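**Student:** Line by line, the protein sequences give chains A and B.
The numbers in this note's numbering rise by one with no breaks, and the one at position 234 of the first sequence is 234.
Throughout, this note's numbering is defined as the position within the second sequence, counted from one, plus 237.
Please keep in mind that the hints were generated in silico from the structure rather than gathered at the bench.
All values derive from a computational prediction rather than experimental measurement.
Any given hint could turn out to be false.
Facing chain A, a subset of chain B residues (Cβ under 7 Å, in silico) [what the hints assert, rightly or not]:
#, residue
1, Pro299
2, Pro483
3, His490
4, Thr616
5, Ala620
Non-contacting residues of chain B with respect to chain A, defined by C-beta distances greater than 10 Å in every case (computed) [unchecked claim]:
#, residue
6, Thr342
7, Thr470
8, Val478
9, Ala487
10, Asn510
11, Gly525
12, His558
13, Pro565
14, Arg636
15, Pro670
16, Ser696
17, Pro704
Every residue gets a Cβ at the ideal spot worked out from N, C-alpha and C, and that includes glycine.
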Amino acid sequence: MSFHITCRQLLTAILACAYPLAGRVGGAASAAAQTIAPYTADYAAVRVYDTWEQSPFRQGVLTGHAAIVHAPATEAGGTVCAEPAPPACMVALQRSRFGSNTFGVCIDLRQPFRLTRHVRYLHVMVQQAGKPVPSRMMVVGLGRRTESEWAWQTGADEQFWAVSDGDVVPSAVWQDVVFAIRGCSYSREENAASGIDIHSLVVIPDLRSPHADAADFVCYFANIIISDSSMPRPCQP
Amino acid sequence: MHIRYPSSCLTPTSTSFSCRPVRCLLASWLLFAAGSVAAQTSFAVISDTLANPDNEPAPCHPVPSERQVRWQQTEFYAFFHYGMNTYTGLEWGLGNEADSIFAPTSAPNPRQWLEAALAAGMKGGIAVAKHHDGFCLWPTSTTTHNVTRAGNAYGRATNIPRDFAAAAADLGMKYGFYVSPWDRNSAFYGSDGYVADVFLRQCMELAGYGSDQFEMWLDGANGGSGYYGGRDTTVQVDASVYYDVPNLRARVHQLAPYCVMWGIGGEARWIGNEEGWAGETNWSMADGGGARGSASGQEHGWQWLPGESDAKATTGGWFWHSGETMLPPERLFQMYLETVGRNATLILNCPPDTSGALPEATVDGLQQLGQLLRRRLGTDLAASATAVASVTRVAGRGRSYEAARMLDGSGDTYWAAPDAAVAATVTLTWAEPQTIRYAMLMEPIRKGQRIRRFHLEISPDGTSWHPVADGVETTTVGYKRIVPLNGSTADSYGSGFRAKALRIVIDDSRACPLLSRVSVY
């Protein structure tokens, strides 16, 4: 345990020369937690996404604005969470009023994860002080089956749609939003790798229709993990 | 300066880091010095504009896919429950029926089925290809429990999907198939092998019978007792994950791009009853769950999930039973008003008998229904009216929104209010008083479903007004709303109302109201 604290504290200290991070380390993730962090080699790893077929973002009319951003606490504003550990990076999305109610940011994963038949919980730390009203959020998983007869799939087929339990209140405080996810993972006995792999996650910050919104707003996502715990991770300063 | 973080150091697992402290520290400093772009240091809102030369109203989401729009336009179609149960007298076969029991007394005649449906004013049909008993009405490679082992030559030559698709093409009708996910015959039901090697393959085989299928019906009844290849046991499944619907849907759409997957397929929902009615308030939106059933939908649902009402045209069950009769045409017309007339589609069941054809009484009954529909809803009096609106959206470069757009017969045009308006009044006026009985409203659903509440008034002289449709909840409109002006769907025709003018008062909407069509009968 001390080994882990030492390593993480050192890294934190390195980053702290630019980013005023402090506080306790350690997280509430269970032993089965898997971190999904937006550490990718280039900006292609995040992009806007809209399920609406006629979206100007799918028709090539608008490109949208999403990026990986360094996470000084002041960048997103508000209270810094020391528990769970502050992120080194975060995903920023300009939620567009020209998209649909299922417009969000698509995060391509460095490693796909296997969708299971039993429920697991996707946790996303969210900061969206600029969202105009409380509303539900959603996560969509994009992926494909792994068997050879499904080789025609590109990994972009929507595999699950998980809605937050209730409205997520706009806040300058980071909050952990939890999504229950599962899917059909039938597999063939002769193929241990058989199943559904999720290659990308789409985080949708606002399930309201934006038709009456006068402006876009920015939201931030970080510390994405999958675990067997449904308890939101508290943000402790 | 941007920092590239080596993932091995910066992606902590729950158990350990993959590097030692010193190496980690060194790697980080080296990368800090080298610098490479992985992230930006700031993020600000970019000013975005979307050109709108036609001044179109923004869609009020969710909105339907093109597939769902085309499905909704089918409106009224037939259900044909024909199969093993026709010969056993059961509604839900156990799955242990001998193949030889299926023995039509003549060659099954899907063309006759569809001709009768066409006479009723239906635009298509869904034929059962496999019900819960598992007997397949086509020569499938997935199981031997199929027509190739039927009890006579008529049966062994049967291929319902092939003949149904051919007949539909010939008659210019839409078609699709019912395939039960639940299979009480299959020895594999409940195992992963059933999904991979039986059910998905059956769906693919059926999708192969025509790329222009409009609906695949996936029954929500799943799990229970059954033969199961001799196991004679009870198998329960979690239908929400067992059948791998997302990938099934993706595959079917590859083969049939406009095929709506009904029920557990997740693109259209069950209306929640089998009596042939939808809620007077019926939103096409819901929070997923196509098989769960809802007569009213959800105004704040995140997904476009329109309702379909499945109902029986006969007094018997879904399959044919000796002695059953057709429901009277007036009752079927009532069903039409309470489904198609309430923003739902109606799939009306007409079971073929043991000859493989529709009974004569069914054919006659469907013909009478068609005559009733044409007589009562065939002549649009709005065509001779003039329309004005209390507010009208400013025209754009290539599109205008005046009230006359509701009467021009085009599916592409619509009257629209300005963005700030959620209420408006549209008035139709005739040169001479007309006898009117029904008012029909349609929203251009590609822009979403908007109207929350409206009411109707008529004027016999163009000056005095009084409300009509007393007792009717005039709330939602959606794709189509037909209001009997006397307030009764059971006895809607009556003597009618003499009216020189009809006023549609939209009281409230989710966004600026739009109407693509107004008809008066």
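**Student:** Per the CB criterion, is B:His490 less than 7 Å away from chain A?
**Tutor:** violated (10 Å)
**Student:** For the hint on B:Pro299, does the least C-beta distance to chain A fall short of 7 Å?
**Tutor:** For B:Pro299, the interface hint holds, since the closest Cβ of chain A sits about 6 Å away, which is under 7 Å.
**Student:** Does the claim that B:Pro565 lies outside the interface with chain A hold up, using a Cβ gap greater than 10 Å?
**Tutor:** Given a closest Cβ separation of 43 Å, the condition holds.
**Student:** Holds or violated: is the Cβ of B:Asn510 farther than 10 Å from all Cβ atoms of chain A?
**Tutor:** holds (26 Å)
**Student:** Quick check for students: does the CB of B:Val478 sit more than 10 Å from each CB in chain A?
**Tutor:** B:Val478 is in fact no farther than 10 Å from some Cβ atom of chain A, at 5 Å.
**Student:** With 7 Å as the cut and Cβ atoms as the points, is B:Pro483 at the interface with chain A?
**Tutor:** Holds. Min distance 5 Å.
**Student:** May I ask you to check that B:Gly525 keeps its beta-carbon over 10 Å from the closest beta-carbon of chain A?
**Tutor:** Answer for B:Gly525: violated, closest chain A Cβ roughly 7 Å.
**Student:** Beyond 10 Å from chain A, beta-carbon-wise, is B:Ala487?
**Tutor:** Violated, since 5 Å does not exceed 10 Å.
**Student:** B:Pro704: least C-beta distance to chain A exceeds 10 Å?
**Tutor:** It holds; B:Pro704 is separated from chain A by about 30 Å at its closest Cβ, greater than 10 Å.
**Student:** Far enough from chain A: is every CB of that chain over 10 Å from the CB of B:Arg636?
**Tutor:** At roughly 16 Å from the nearest Cβ of chain A, B:Arg636 sits farther out than 10 Å, so the non-interface label holds.
**Student:** Measuring from the C-beta of B:Ala620 to each C-beta in chain A, is the shortest one below 7 Å?
**Tutor:** Violated, about 31 Å.
**Student:** So, as I understand it, the hint says B:Thr616 touches chain A; can you test that by seeing if any CB pair is closer than 7 Å?
**Tutor:** violated (35 Å)
Comparing the model with each earlier hint shows violations of hints 3, 4, 5, 8, 9, 11; every other hint is respected.
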